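**Q** Top to bottom, those sequences are chains C and P.
Note that this note's numbering has the first sequence beginning at 1, numbered continuously upward.
Note that this note's numbering has the second sequence beginning at 1, numbered continuously upward.
Some clues are possibly wrong.
[Unchecked claim] Calculated cross-link-like contacts (lysine to aspartate or glutamate; reagent style DMTMM-like; alpha-carbon spacing at most 20 Å):
| hint | chain 1 | residue 1 | chain 2 | residue 2 |
| --- | --- | --- | --- | --- |
| 1 | C | K205 | P | E107 |
| 2 | P | K10 | C | E153 |
| 3 | C | K282 | C | E77 |
[Claimed, not checked] If you want the ones that stay clear, here's a sample from chain C, every Cβ over 10 Å from chain P, calculated:
| hint | residue |
| --- | --- |
| 4 | H21 |
| 5 | R48 |
| 6 | N96 |
| 7 | F137 |
| 8 | D206 |
| 9 | E258 |
[As the list claims (entries may be wrong)] Some chain C residues flagged as far from chain P (calculated, every beta-carbon gap over 12 Å):
| hint | residue |
| --- | --- |
| 10 | E61 |
| 11 | N102 |
| 12 | E153 |
| 13 | I160 |
| 14 | D201 |
| 15 | A223 |
| 16 | R232 |
| 17 | S246 |
| 18 | G260 |
| 19 | P277 |
| 20 | A305 |
| 21 | G344 |
Just so you know, these hints were derived from the structure itself, not from any lab.
A quick note: this is a predicted structure, and the numbers were derived from the prediction, not measured.
For each residue, glycine too, the CB sits at the ideal point set by N, CA and C.
Number of protein chains: 2
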Amino acid sequence: MPAVMLPPAKKKIGRQTVEFHNPPVVAGTATTVGTLEGQGPLAPYFDRILTNDLYGEKTAEKAESRLLLETAQAAVEAAGIALSDIDVLLAGDLINQIVAANFAARELGRPFFGLYGACSTAAEGLLVGSMLIDGGFAQRVLACTSSHYHTAERQYRLPIEMNAQRKPTAQTTVTGSGAVVLANAGSGIRLTHGTIGRVVDLGVKDPSQMGAAMAPAASDTIACHLQDLGRRPGDYDLIVTGDLGSVGRDLALMRLGELGYDCSHNLNDCGVMVYGPEQNTKAGGSGCGCSAVVTYGYIFKQMAAGRWRRVLLVGTGALLNTLTYQQGETIPGIGHAVVFEAEGKEGEGDAVRR
Amino acid sequence: MPAVMLPPAKKKIGRQTVEFHNPPVVAGTATTVGTLEGQGPLAPYFDRILTNDLYGEKTAEKAESRLLLETAQAAVEAAGIALSDIDVLLAGDLINQIVAANFAARELGRPFFGLYGACSTAAEGLLVGSMLIDGGFAQRVLACTSSHYHTAERQYRLPIEMNAQRKPTAQTTVTGSGAVVLANAGSGIRLTHGTIGRVVDLGVKDPSQMGAAMAPAASDTIACHLQDLGRRPGDYDLIVTGDLGSVGRDLALMRLGELGYDCSHNLNDCGVMVYGPEQNTKAGGSGCGCSAVVTYGYIFKQMAAGRWRRVLLVGTGALLNTLTYQQGETIPGIGHAVVFEAEGKEGEGDAVRR
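Isolated chain C (complex conformation):
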């Protein structure tokens, strides 16, 4: 049926996966988290922990934008470069019209693309950024996201002052920002492949059930990724979703099992990892910042230390707004996957030791 026979897309594999011929390298990262996240099990891995989530600002929105800005600046510093060395800035967040990112981009002054993928935005930025670098359009890309408990709660749910009771399946928006500098050469963790998610909707209508809403998209992307590359779950030392929470993670595992992929030994979720069970965060963390701080803060450090050699990050987003579910719409989800590989020989990670 195609009107014209086109040459193949050289870096596309299978249905939704792309391969980087010159895999982008992680040149620097930075993470900042809020007070609650700073009391969690991953606290030692974060670069900065706020002592006050309002961060000296008058409003939570201004605080979140500053969080993103300063984390971006810290990632540039960690990469040992100047801000002017950044060719393209990619950023997004959960506030209406991604204003936390927009106002930070104003201060950063670099060529800027705004992204929106809800909590999958960190993975979307990694994927788009890698394509810009591997495509020859940029030497260095700075990709950042943020979320803030106060901005998200009051925008999506109820005034924080109301202290409303939450359902056990609800997730807690992480206050935090993660930023990464990707470069077209150097040593360190490399991004070798990505799988671009499609929107999947199994009909969940309850916004307290975000994990359930996103689990089908996460499973769809993971299954497609494995199929496209002819890999098995065990080819990864870690498959990490971000952020399904405990309810969504269990549903994703079940769905992947139905699809013939047993990920029970090596799948975890950033929303589950970021808080301890004693922190009363219901089903775990969520928000654009969650998978960013867990990945750049914890996972990359574990990879650098040799614990994991090959990791699949699957950023997941719930694509609703406050009007849509009031208008009777369901909550569609999306998941974007990125493969990270640490330097070192094939077979040094957990995957092959098992």
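For this one, chain C is given, so just place chain P on it according to the hints.
**A** Structure of chain P alone, referenced to chain C:
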């Protein structure tokens, strides 16, 4: 200061411009507009004109999503291909969390990246899409945007039923959607270069002055583009901003004059072009759909007819939300530029005839 000497980004020219080595081709387009736009001077150029802006839906949000969906499907049909031939879908709109795009993406079922650049989203999609194609990641990309008078007015300003008086500098949100299929080969209009905008803010605080808020960003991008490529305004048959409206266009012309670029002979604005003076739309049109329908509907047809050979589209966005200006923030703007070239010999367009 760079930590590592990196190989050059082969397709980057100057500060913010990229060059496509294998320029993506426009393989198909579709445009749909609302009733008011269908009474304007460009009506003969649009593919479909709604007879009822609610489009048979219960809410304006559902109507806008359907508008985007059906326009996207029409562009695929115009390209003579199947939906499954689309490798990546890029889409965005103005509704909180870009839900018009998200819900359309659910129906389209293709690998999807959500973008947010306010009214610059069409240009952002063209730029990112071209990079994915020229980078070897996709054969065909479908890029779409939409806006709807009803969804935008009630979200950003006042209930439509209030029929509030508007300032003469205010713009009217276009009800419309434009979609384009880009391909990695074929004949037709080609995208040869792009200039990625940076956020510029000269301190405008009045949301009825969007044109004034965006004009500095438009001028900044145009000046940078011309400088990066060593071109003069006269090298383009048309430089078209989208959407500054009449106030913003005049300010951009003035600012470009100060920067040494006289664009008074060949600069126009999609927001000015889309409505007639008798339509009482104040300073003209705006919204993600405006530059998309004017470009894909009118400009591309003029290029195909041989009137213009080389056109520079500068999509402009105002990066605010309803909270930011209430919190005392100014309104930053951004502009992304894309170069279109029609087939035919150098020197066939207006630019050289003048």
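**Q** Decide, hint by hint, whether the structure agrees.
**A** Evaluated hints:
no.: 1; hint: C/K205 - P/E107; result: holds (17 Å)
no.: 2; hint: P/K10 - C/E153; result: violated (44 Å)
no.: 3; hint: C/K282 - C/E77; result: violated (36 Å)
no.: 4; hint: H21; result: violated (8 Å)
no.: 5; hint: R48; result: holds (21 Å)
no.: 6; hint: N96; result: violated (4 Å)
no.: 7; hint: F137; result: violated (5 Å)
no.: 8; hint: D206; result: holds (17 Å)
no.: 9; hint: E258; result: holds (20 Å)
no.: 10; hint: E61; result: violated (6 Å)
no.: 11; hint: N102; result: violated (4 Å)
no.: 12; hint: E153; result: holds (14 Å)
no.: 13; hint: I160; result: holds (15 Å)
no.: 14; hint: D201; result: violated (5 Å)
no.: 15; hint: A223; result: holds (14 Å)
no.: 16; hint: R232; result: holds (22 Å)
no.: 17; hint: S246; result: holds (24 Å)
no.: 18; hint: G260; result: holds (22 Å)
no.: 19; hint: P277; result: holds (31 Å)
no.: 20; hint: A305; result: holds (21 Å)
no.: 21; hint: G344; result: holds (19 Å)
When held up to the earlier numbered hints, the structure conflicts with 2, 3, 4, 6, 7, 10, 11, 14 and fits the remainder.
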